[in-house]
Amino acid sequence: MNIKNAVNSTGDNLEQVRNCRRIFWGGDCENVSYSFYVPSGSKDSFDLDHVGLGASENYELHSSFRCNRIFFSTRIYDSYDVSYSDDVYNSENIFACAGIRKKSYCIFNKQYTKEEYEILIEKIKKHMDEMPYQDKKGSIFKYGEFFPIDIMPFAYNDSVIQEYFPLTKEEILEKGYKYKKPEEKNYKPTILPDQLPSVKDADEKILKEIIQCEHKGNCNHKCTTAFRIIQNELNISKILNVPLPNLCPNCRHMERIEILNPPRLYHRKCMNKGCQNEFETSYAPNRLEIIYCDSCYKKEVY
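Oh and the sequence shown: position 201 is 201 in the numbering used here, straight run, nothing missing.
The hints are all genuine.
Okay, derived cross-link-like pairs now, DSBU-like style, lysine-lysine, Cα gap no bigger than 35 angstroms in a straight line:
| hint | residue 1 | residue 2 |
| --- | --- | --- |
| 1 | K216 | K181 |
| 2 | K175 | K222 |
| 3 | K142 | K43 |
| 4 | K125 | K103 |
Read the hints as simulated data drawn from the structure, not as lab findings.
Being a predicted model, the structure only gives us computed values, none of them experimental.
Can you make the complete structure from the sequences, with help from the hints?
This is the structure in structure tokens:
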């Protein structure tokens with residue numbers, strides 16, 4: 001785990017956080033819970049993903065910065081008092097809008113007066129509670145819920161979530177999510193991975209080769225089955241004196257992701273003999289590492 005200057009907080013990859021619960025990759029945060037990748041300052045918020053730069057008092061918000069009191073929305077920037085919206089910039093008092101700039105008191109991208117806006121908002125909230133949306137699995141979505149996943153424009157296995165919470169095709173379909181069938185690749189490699197020259201012997205001829213990925217598509221990494229090396233990649237490989245890659249970029253990326261501890265916590269007991277301390281850690285019980293509590297670790301190391 002990578003935790004520095006974290007006060008009364010749980011999660012992993014934390015630095016300068018206080019009173020935070022189950023956040024991952026968080027920095028300069030206070031009173032934030034159940035959030036992922038909030039490294040640049042968030043406060044008094046729940047359920048965030050890629051949010052920061054002074055964001056505060058937000059709930060169920062994705063990919064947004066410098067915003068306040070944003071609810072059930074995505075991609076909101078330099079704005080406040082926004083709900084159920086997407087792609088909003090420099091605006092306030094916005095409900096169910098998309099792609100607007102420098103606006104106030106808008107519903108479904110239509111302009112209203114302050115008085116009209118406040119009256120209509122209450123009617124919409126009441127209607128959402130009385131006639132909620134129901135997805136194909138029977139889940140009910142009233143006011144206060146994020147957008148249903150079945151209207152998401154991307155397939156589950158074609159989004160970043162598959163990197164951290166991978167599901168099989170069967171699991172994706174069983175949960176009612178969208179699944180994208182992998183595209184068939186018909187590349188014809190001109191060189192195999194074990195035929196690659198050493199980095200010292202490689203010259204610009206390698207840039208013209210179609211290299212077969214070592215995984216050959218037999219993995220869950222969105223393997224492209226073949227790839228090429230570009231000039232900058234060859235240059236940096238020579239500078240660093242590292243071998244030429246034998247995996248396609250997608251497989252390389254996913255293998256790096258798999259090295260990381262997953263964004264989840266497990267209840268564990270200190271493995272130091274005689275210690276009864278219990279705590280939460282991102283190291284799963286089936287891992288081989290010896291896990292100590294904070295005090296036992298410091299005694300052992302220092």
